[in-house]
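Q: Heads up: take any position in the sequence shown, counting from 1, add 1457, and you land on our numbering.
Because the hints were derived from the structure by calculation, they are not lab data. Built from N, CA and C at the ideal position, the CB exists for glycine as well. Among the clues, some could well be false.
Here are the simulated SDA-like cross-link-like pairs (lysine to any residue), alpha carbons at most 20 Å apart as the crow flies [what the hints assert, rightly or not]:
#1 Lys1459 to Asp1529
#2 Lys1503 to Met1458
#3 Lys1471 to Phe1481
Computed spacing ranges between beta-carbons, pair by pair [to be verified]:
#4 Phe1502 to Lys1471: 17 to 23 Å
#5 Ala1580 to Glu1547: 18 to 24 Å
#6 Ile1541 to Gln1572: 19 to 25 Å
#7 Arg1546 to Asp1479: 27 to 33 Å
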Amino acid sequence: MKVLIVEDSIFVQKLLQKLIMDHFPECEIQVANNGELGYSLYQEFKPDLITTDLLMPGLNGQEMLRMIREIDREVQIIILSADIQKATREEVEKLEISGFINKPLTVDKANTLIQLIQVAAHAE
1458 MKVLIVEDSI FVQKLLQKLI MDHFPECEIQ VANNGELGYS LYQEFKPDLI TTDLLMPGLN
1518 GQEMLRMIRE IDREVQIIIL SADIQKATRE EVEKLEISGF INKPLTVDKA NTLIQLIQVA
1578 AHAE
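Use the sequences and the hints to build the structure in full.
A: The following block contains the structure:
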């Protein structure tokens, strides 16, 4: 399974990479620190799953997701964001995401993320 992590925090990038590799060692992972690079890597890498933050400088996660959904309705998407506004969440849920996890990432939320990734892996 190919996973694209789009996250501007290097700490969260490393945390997600370790978490995913510990549970899914066969994964190929690419990392982008903003939406522009995320979209570019999406086009080149063709991931099965994208985890993305929403609040990033430049092209934010929400805008990147809209661009991806214009051309791809199949890729699995999990949001990891500190943006917990109801309107934002409702808007990204319309983009057919696989899950929304609020930051900070706790042990329980990490377990939820692993479960969502397992579901996404079986959806390929």
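Q: Run every hint past the structure and note whether it holds.
A: Okay, the hints, checked on the actual structure:
| no. | hint | result |
| --- | --- | --- |
| 1 | Lys1459 to Asp1529 | 15 Å, holds |
| 2 | Lys1503 to Met1458 | 10 Å, holds |
| 3 | Lys1471 to Phe1481 | 15 Å, holds |
| 4 | Phe1502 to Lys1471: 17 to 23 Å | 19 Å, holds |
| 5 | Ala1580 to Glu1547: 18 to 24 Å | 23 Å, holds |
| 6 | Ile1541 to Gln1572: 19 to 25 Å | 20 Å, holds |
| 7 | Arg1546 to Asp1479: 27 to 33 Å | 28 Å, holds |
Checked against the numbered hints listed earlier, the structure breaks none of them; every hint is satisfied.
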